[in-house]
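Chains as they are written, first to last, in our numbering: chain L, 1 to 317; chain U, 1 to 533; chain G, 1 to 355.
Worth flagging that the hints you see were computed from the coordinates, not collected in a lab. Just so it is clear, CB atoms sit at the ideal spot from N, CA and C, and this is done for glycine as well.
Away from chain G, derived, C-beta distances all over 12 Å, residues of chain U:
{"hint": "1", "residue": "W86"}
{"hint": "2", "residue": "S87"}
{"hint": "3", "residue": "N143"}
{"hint": "4", "residue": "S275"}
{"hint": "5", "residue": "Y291"}
{"hint": "6", "residue": "K321"}
Reference listing, derived: stretches of chain G covered by chain L, where coverage requires no fewer than 3 residues with Cβ under 8 Å from a Cβ of chain L:
{"hint": "7", "stretch": "37–44"}
{"hint": "8", "stretch": "161–170"}
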Amino acid sequence: MSDQQKPAAPPDAPSGAGGLRAWLESETPRSAFQARCVQMWLSWLKFSANPLALTGLLIIIALVLMAVFAPLLVTHDPLAQDLAGRLLPPGAKGHWLGTDGLGRDIYSRIVAGARITLYIVALVTITAPLFGLLVGTLAGYFGGWTDVVLMRVTDIFLAFPKLILALAFVAALGPGIGNAILAIAITSWPPYARIARAETLTIRKSDFIFASRLQGASPARIVAAHVMPLCISSVIVRVTLDMAGIILTAAGLGFLGLGAQPPMPEWGAMISEGRKFLLNQWWVATMPGLAIFTVSLGFNLLGDGLRDALDPRSGQS
Amino acid sequence: MLKQIFYGAASLAALIAAGATGSAAQAGTPADTLVIADKIDDLITLDPAQSFEFSGAEYNLNVYDKLLAFDPKNLGPLVPGLAASWSLADDGVTYTFKMRKGIRFHSGNPVTAKDAAFSLRRAIKLKKTPSFILTQFGFTPENVDKMIRATDDETLVMVTDRPYAPSFVYNCLTATIGSIVDSKLVMEHEKDGDLGNLWLKTHDAGTGAYKLRIWKPNELYALDAAGDYFRGKVAMKHVFVRHIDESSSQRLLLEKGDVDIARKLTPDDIAAIASNKDLKVENDLKGRIMYFSLNQKNKILANPKVRLAMKYLVDYEGMTKSFLRGQYVVHQAFEPLTYLGELKDNPYHLDVAKAKSLLKEAGYPDGFSVKIHVRNAQDRLEIAQSLQNTFGQAGIKAELVVGTGKQTLTVYRARKHDIYMGAWGPDYPDPNTNADTFASNPDNRDEAKLTGKLAWRNAWDIPELTKQTKAAVIERDTAKRAQMYVDIQRKVQKDGPFAIMFQKIIQSAMRKNVNGFVTGGAISNAHYWTVTK
Amino acid sequence: MNAHATKQGGGGAGLLSLLARIRPALNFITALAVTFLGLLAITFFIGRVIPIDPVISVVGERAPREVYEAARKAMGLDKPLIEQFLIYLWQVLHGDLGYSLLTSHPVLEDIKRVVPATFELATVATILGVLTGVPAGVIAAVKAGRWPDHIIRVLGLIGYSVPVFWLGLMGLLLFYGKLGWVSGPGRLDIFYDGVVPQVTGMILIDSLLAGDWGIFKNAVSHIILPAAMLGYYSLAYISRMTRSFMIEQLGQEYITTARVKGMSERRVIWKHALGNVMVPLITVIALSYAALLEGSVLTETVFAWPGLGFYITTALMSADMSAVLGGTIVVGMVFVGLNLFSDFLYRFFDPRAKL
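Please work from the sequences and hints to get the whole structure.
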């Protein structure tokens, strides 16, 4: 992930340093490092020319800022209850987005919940795809029995009802947002393994892998240094597209009482708490719903943009 | 082939579209049919000797009869059920029941005293969970054939091991486990000596106003009127009880007239339909108590001052006026209101200052940290969050541990909680049911595993109270007996590890044209045969 | 793996070639057996790992100690773990799925009741999803980067990111509560329940078999809303995948050639390009269908739909592992079956895969 955001760092480079720009746009890179930078720069150019993708990026940046500055942005204590002032509509008595069933300020809870959302996103990103990537590349690169065994395990996990697996893990590990995320990660790695394996199969026979094998590179090194980086872009794209689903699965676990523990202002839990007011006090569930929608939109747009920018196959026409 | 699939799908879609046009939903339910929206996912068995859940009690009340019954129109005094009359001999242990004549089971078999004896013996021999309701009178699988006998087709004689308060014995016979089953039919389906349990779990062998047509777990059960009923005229020929999990869905169905009665609406949904002229809401006080308890294995919570302080850290009024509005009433003693020996005093209210000073005296001026175990039901979660909030005001940092019902119970029964927040409903309509669990703990050791008793679960060692509770059971003077329960309750209220908060009110929302739906108060359940439309 | 095996069977004697020919089948059967054994083992150990006591599900929370111990023994939970697993395996291999603790019915009977409900809902939902999702995807691809593309994408995204209970309740409120266009929660108006004889368990089909148009219509009016909700979710996925497949196809040379040849744009897009993406598309559809067949607890809860998702979930929450296993086997079978189906499609329709 961080790799991909690096290009976002020097947006002022073009105006500031012509030398850097020339270096980045060089058609004859002099080092592998420069070659990679050039490629990233080109991807960034493509990415930044896409207004939708930029919008997505902005939404995500806004989410990060909201999470970082949450204590400054809230208007109320997100946990403070006021039973006399419950279910107030948006705008009433200084509650911008109204209050929930226990009289807590919905706006402040959404802002505070941004941290939890980011936490979910971060945890899932560093678990499921990495594990899937590892399994997939190993299976694809080594083939034979390794492949058979790993793919069989992948299939078993794929064939298992997802929610059941997640529920079982949560039940075993105990409820709580961290365990819920882990459970989601455990259920969602197989598709990444599949993707990574497919990708690896196409790369395995390519010349440069062959070349580095001749140079005496160990299989572990080849997988880690050459195969994985090439698979990573398609995995990243898939992750950003799945992110909405992940946030929602966390919400689904919350619906069953196994996600975030109250009174934590996790968005999914807020929606499921608010669902019983849906017919009369629509805002209680809808406001956090809009928040999830916006963030999902952000990740989706970002994912689409990344795919267009990173995937050499699409958009060449 | 792909084309075929596509065309197949398209034509199915067309068919569905054809079906969808003009499928105007018909208004209302038929005049002789009662449709109830409820939550019945706790219904796991239909066998009255085994059934121990809320839904099971209601189902059994309508499909079976007991020897004694409650009059749904005048709850309180016992009225004849399948027994026309009953008496207690002067020895204080020999009960004689004269059976009503001319009653038949749904199968057509006549009801005799032999069926009654069989049913009670069966319940004891099967040794299922509710069997303790009968075994507390000294019956065992070995002696029951001798202690409960049919001397002829009309006479049932039951001998207890020692004299008990007669009201206690009679009350227990009105519990679900006292249902009389068709001995011939049940034994026809016996398998591996199970006394027909496997078969009766999903079938009906009763005399009640209704017979079972079908039970689809987690979906519905459907009952049909069984014909002439000895207790009165049965107006509704068909009754459907549907499992609808969401309050909102129940409410929409009721508003549209697709169900006649919605049983599980949230206070907010009840409030929202108040202005609807086609609907009405009836309130009925039930026996269920909402409480939290403090595990006495926890050193801090075992401190009497801390116990007392916690009782002042509950916003009783705030909750019953907001999210519990209309569905719970503040009640701080363990016997439900309307029970013999009810105690109406509510000495506690939210008083943070007092609680703080108590905590200071106890040596915890800055509070402490605890976990509250609670199951993931909405009203309980809200109560728990409110507790967390008010505890916090006195410096007590409470963490909620939310789990499924079974998960939370597993912790509770293993005595591994700090604080458990939950509900308790009486097992049979007699004060001993709650006294025996809240105020009796004959053996506080872990190995004793008296998991059925709340006092044991919270490791509350109370030899004195245990004796008093035992004494109350055999007191034959009803007024004296009532006073004994009041005394026991006061002690528990003052010093016990239980903070009893609320008693449940059930709100049944129904169409205006539904009359006579009685939910049975704290001692009984909903009768369907009294309903007219 | 399978393609590899086929290659070996090129020449040789009759027996060898026969062996080679059935080898993919053998491979498949082994894979199937391993998958199911894995499912069984995982389900079993989940049941033993979760801190939910199945005995409590049977005897209730107030059971005295003797009752509890007796039930525990009757359930075989006092035996060593590995022995329990072997007994369990033995019974399952004999087709005995046991009794559900929660419904008191044989698991097989429960499965026969809940699976058709889920199957019916998932099928109608998938049909709706495909009939809208594929054209939407094609249009989005043709108009890539322009407003129809953006609209379709945002509509799809809403499908991705709105919780199903929100959409479901809002849908009920609007189409059932306010407009009265559809019927409410449940599979049928209640007094129709049990009127048509159960053949497949799918009311839409059973009512047609019985020739009862009234019940068919009623069933349609009940299924249409939950199916549309679920269909919306598969629409989101299907249209997105269609779009990306189509964009790739439309960039191919043969499309340009066809256009140059003067073939009508409609024919180029809907016949040639779409025809070529059919195989991967069907795989995508099969996957989203499989996901729906797992049953969705949330949709089933809101619409009081007595399906597989609710069944497995409540069973798991009470550690009713016989029931969980029954459900898991069904879901596993669906997955394996659909995998096989899409393999088959690849092999017979995709010229590249044949080589």
